[in-house]
Each structure stands twice: as C-alpha cells, then as structure tokens.
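Going left to right, the sequence shown walks through residues 406 to 556 as my numbering numbers them.
Don't take every hint at face value.
To be verified - In silico lysine to aspartate or glutamate, EDC-like type, Cα no more than 20 Å apart, as pairs: (1) K488 x D458; (2) K488 x E498; (3) K539 x D432; (4) K409 x D457; (5) K465 x E422; (6) K520 x D457; (7) K455 x E503; (8) K510 x E498; (9) K455 x E417; (10) K450 x D432; (11) K476 x E503; (12) K539 x E485; (13) K450 x E417; (14) K476 x D464; (15) K450 x E498; (16) K455 x E418; (17) K520 x E503; (18) K488 x E503; (19) K488 x E523; (20) K539 x E486; (21) K510 x D464; (22) K520 x E498; (23) K450 x E413; (24) K409 x D432.
What the hints assert, rightly or not - Restraint ranges, calculated between C-beta atoms of paired labels, are given here: (25) I556 x V438: 31 to 37 Å; (26) S492 x S421: 31 to 37 Å; (27) K450 x G528: 20 to 26 Å.
Just so you know, these hints were derived from the structure itself, not from any lab. As the structure is a prediction and not an experimental result, all values here were calculated from the model. Using N, Cα and C, we set each Cβ at its ideal position, and we do this for glycine too.
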Amino acid sequence: MDEKYRIELSIEETMSEDHILIHCRSDTVGSKVMSSLSNMTKDNKSLVLKQDDSYVIVDKSDIVFAEVYNKELTVYTIDEEIKTSQSLSSFYESLPRESFIQVSKSSILNVHKIKRVEAHFSGNLLSHLSNGMKTSISRRYVSQLKEKLGI
C-alpha cells in the first residue's frame, strides 16, 4: 500500500526561530519522519522529543533540567517545558556527558545552567538554575557533581 503525502513548505523570514510541525495519520508515518529528522539532526546539537501527537526539536544546549514524575519525563529548557513518555535513562544516553549529570534517581541537569549551589538538609545540595528553578541534588550524586564542577 503506497502512502500519499501532502508536503507544504512555508518560509517566513520574520520568524525568530525555526518551527517544524508535522501532522500524521498514523504512528508508522510519524516514526519514519522521526527517523529522518533524527538523521538530519545527527550533528548532535539537537534532540527530537515526542510530545503528545507532535514532535519537538530541542537544542541540547537549551536544556536546563529534566525529571521523571509518574512515568512522565518533563524536560525544562530556557523558555519551555516539554512532557514526553521517554525514559530518563534513554534521554540521558542522548545527552553529552561533559554537560549533563544525573543528580537523583529521577532527575538530570545541565551543569552549565547552574547559577548557585548551596548546602541543603541531610547532606544534599540545592542548585539554583538559570531558568529560575531550584532542584535538590541527592547526597549520592554530590561527589560526582563536585568533580564535574571542579570543587
């Protein structure tokens, strides 16, 4: 069975950033498109995340923090929040180790987005991030973070 597609390209030079929105009838077509987009973004600067029935392309350097709650991964960037069903471990594998570190069983953060770190209760640390969020760093991961930050 041959799939038929209608493809439209709209160029708007007044846009501040590129925006790609894809509508598909089936997950099969969506998977093919995702595979093509993944190959297109193999420069390792971007990441494609599935959010509900759409796909979001995120610049890895814009990611501030990611956490899992109730089996849903939320990725926080500088200016948006993306919810996806991807596992934390597979998400972490797609990120550069020089920039990202796991700080608890359920969260990862970009060390370049940390503004301040302070002592918290029970040996944990509290990090203040560039997007205004705060997150706890489990004492289990404190030594790895200190090593990464050179402190």
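Hint check against the structure, violated hint numbers in rising order | 3, 4, 6, 7, 9, 10, 11, 13, 14, 16, 18, 19, 21, 22, 23, 25 and 27
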